[in-house]
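Same order as they appear, the protein sequences are chains H and W.
Position 107 of the first sequence, counting from 1, maps to 1098 under the numbering used here, and the rest follow consecutively.
Position 355 of the second sequence, counting from 1, maps to 439 under the numbering used here, and the rest follow consecutively.
It is worth saying that the hints were derived from the structure and are not from the lab.
All the pointers check out, no bait thrown in.
DEER-style ranges, computed between Cβ atoms:
{"hint": "1", "chain 1": "H", "residue 1": "E1197", "chain 2": "W", "residue 2": "I374", "range": "53 to 59 Å"}
{"hint": "2", "chain 1": "W", "residue 1": "A109", "chain 2": "H", "residue 2": "T1066", "range": "23 to 29 Å"}
{"hint": "3", "chain 1": "H", "residue 1": "P1010", "chain 2": "W", "residue 2": "I374", "range": "42 to 48 Å"}
{"hint": "4", "chain 1": "W", "residue 1": "I374", "chain 2": "H", "residue 2": "S1162", "range": "35 to 41 Å"}
{"hint": "5", "chain 1": "W", "residue 1": "L100", "chain 2": "H", "residue 2": "D1192", "range": "43 to 49 Å"}
{"hint": "6", "chain 1": "W", "residue 1": "F446", "chain 2": "H", "residue 2": "K1110", "range": "38 to 44 Å"}
{"hint": "7", "chain 1": "W", "residue 1": "Q436", "chain 2": "H", "residue 2": "T1066", "range": "52 to 58 Å"}
{"hint": "8", "chain 1": "W", "residue 1": "A97", "chain 2": "H", "residue 2": "G1123", "range": "27 to 33 Å"}
{"hint": "9", "chain 1": "W", "residue 1": "L104", "chain 2": "H", "residue 2": "G1123", "range": "24 to 30 Å"}
{"hint": "10", "chain 1": "W", "residue 1": "A109", "chain 2": "H", "residue 2": "G1121", "range": "27 to 33 Å"}
{"hint": "11", "chain 1": "W", "residue 1": "I374", "chain 2": "H", "residue 2": "G1123", "range": "44 to 50 Å"}
We put the beta carbon where it would ideally sit given N, CA and C, even for glycine.
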Amino acid sequence: MLRLNHVQKAYGTPEQPIPVLHDISIDVADGEFCAILGPSGSGKSTLLNIIGVLDHPDAGEIELGGVPIDFGSATEAARLRNQLLGFVFQSFQLLPRLTAWENVALPLLYRGTPRPERKPRALAMLDRLGLGERVHHLPAELSGGQRQRVALARALIGDPKLVLADEPTGSLDSVTAAEVLQLLRQLNRDFGVTLLMVTHDRGLAEACDRSIEILDGRVVSDVRRDG
Amino acid sequence: MMPRRPAHNLEVAETLREALANLRAQGRRSALALLGILIGTASIVAMLNIGHIAQLETSKLFSHLGADMVQLRAMPTGAAPAALDRELIEQLPARDPDVAWSLPLATGRAQVAFGSQRHDMLIVAITPALPRLAGLHLERGRSIAAIDQCAMVAVAGAEAATQLSSPGNQLMPTGKVAIGDYVYSVIGTLRPSFAEALSPGDYNKALLIPLDCARRVLGSSAPTTAMVRLRPGADAEKAGARLSGMLANASSSIEVISARQLIKTMNEQKAVHTSMLAAIGGISLLVGGIGVMNVMLMSVMERRSEIGLRAAIGATPRDLQLMFTVEAGVLALAGGVAGTLIGVLIAWIMAQYSGWTFDLAFYVLPLGSGMAAIVGLVFGLYPAITAARLHPIEALRAD
Chain H
992 MLRLNHVQKA
1002 YGTPEQPIPV
1012 LHDISIDVAD
1022 GEFCAILGPS
1032 GSGKSTLLNI
1042 IGVLDHPDAG
1052 EIELGGVPID
1062 FGSATEAARL
1072 RNQLLGFVFQ
1082 SFQLLPRLTA
1092 WENVALPLLY
1102 RGTPRPERKP
1112 RALAMLDRLG
1122 LGERVHHLPA
1132 ELSGGQRQRV
1142 ALARALIGDP
1152 KLVLADEPTG
1162 SLDSVTAAEV
1172 LQLLRQLNRD
1182 FGVTLLMVTH
1192 DRGLAEACDR
1202 SIEILDGRVV
1212 SDVRRDG
Chain W
85 MMPRRPAHNL
95 EVAETLREAL
105 ANLRAQGRRS
115 ALALLGILIG
125 TASIVAMLNI
135 GHIAQLETSK
145 LFSHLGADMV
155 QLRAMPTGAA
165 PAALDRELIE
175 QLPARDPDVA
185 WSLPLATGRA
195 QVAFGSQRHD
205 MLIVAITPAL
215 PRLAGLHLER
225 GRSIAAIDQC
235 AMVAVAGAEA
245 ATQLSSPGNQ
255 LMPTGKVAIG
265 DYVYSVIGTL
275 RPSFAEALSP
285 GDYNKALLIP
295 LDCARRVLGS
305 SAPTTAMVRL
315 RPGADAEKAG
325 ARLSGMLANA
335 SSSIEVISAR
345 QLIKTMNEQK
355 AVHTSMLAAI
365 GGISLLVGGI
375 GVMNVMLMSV
385 MERRSEIGLR
395 AAIGATPRDL
405 QLMFTVEAGV
415 LALAGGVAGT
425 LIGVLIAWIM
435 AQYSGWTFDL
445 AFYVLPLGSG
455 MAAIVGLVFG
465 LYPAITAARL
475 HPIEALRAD
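Could you build all of it, start to finish, from the sequences and the hints given here?
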């Protein structure tokens, strides 16, 4: 499903590069619920950005669904993100002046889906995530957990091959965080969504099928659990 | 394989709807940017429409007499009153190939009394052909005719008739008016007429009498002015010089006023005004454009995380550029439409104030709005490119 081959990335100037990722190779199978665990500064966010085609690696290759990713064109990258990926952010990143369903439908807008098709699909997706009663609410009128559900619905609406979640519970209290994790779990099991979650929370990582620990830009452990 | 999509896949209607929603969300700031464009467009539209009205007014000044009119006026050279040779004036068409027709006339002022009314009035002594050639129309009665010759008959202009009338004593044909020391019979009254540039005076305020025997009230029966209509294509300047040479005599020098000369002077003045107003309008529009750019740049900076999010979920750089360009265009177009309406309103107010007839120059409607939209698109381009070039990660981080 996802294959990283000797991926390297450094920031800083060409004269004084600051390496962030050293030679990372990972394979994520279809339907896996995988955590990338690491403290801040470990390079896990950079890794997620590269997998999310938001940033390009200095060396190495990435294959998504068997197709090598071309990082050369910003337009092509946007298409890949739109077609293959779903994003969930720590700060939700909902557009405040759009209602829940309009936020959810946004990826379809950039796919060129006509408006009459977008609305029913967004409503159905929100319904699946248990927000059927809140579709016309603005983000400000929703609780943190509800907002993250809207964000999840937005990530899933385009039927992505892979959903990338960056500290998805980082802005939530522990009860709500557990709920969202439960939901992710459920989506992974019931709908077969492949999930890649970045977190610094070991407890959260241990709830996943697999956790890959990163430290100083290197994979230090890769643990699989039986789900 | 992934299906190919066009580089930007948003329908125009979608983009417009988004742009309107975004602008509404920005409220007051959008309104301020709009104001600059509005003022610029309003001044340009007002200027163009006033120019259009002024042109109509100018052409009205020559509507009956035409642009080929030349007025030759006798100016006294010494103590003797200025006078022209009437026969010579009447022979001008035969003597000069450029002259279509030529009318002698004399003007002066005299005390006019009717009933209890007594006024100092303009007297125009004419030959029978003048009313028709000058486009004067009768309200009542008849005009001065060849048979009147030396008769004591008068035709009253519309305002003059009103001025001389008193309640219960209307000035009408067959009424008697005293002009100076003589009693004239009123044979007709005129409809109101438009005072043209080359009229010897405002016929509305005048009494017309036969030039023959005008000596009774004007002191002389000799004409003081020749109204000459040149043939189309004649050189007004050369013909004027030639005719004034023919008409000049010991007691009078000739002043030549040609319609073409007047029109040229008016057009020159208008050109100065127009270019000045165009410059002011252009500068306001430029300032408005910079306002749009400013607002759009601020909007791009404030909405960085939105731009990052949109990029993350699949907006291409062109989608983002289009989004901000359309926002700027819509903003400017709204300002342009409002400015056009206000500009037309200003032109209307100016026309009322100047006593001109308002006429809408239809071409200003698309022109004003279109110019504003173009300004918006041009000045919106840089902010839009800035938005398209933002790196999604940095944009997402900008919370």
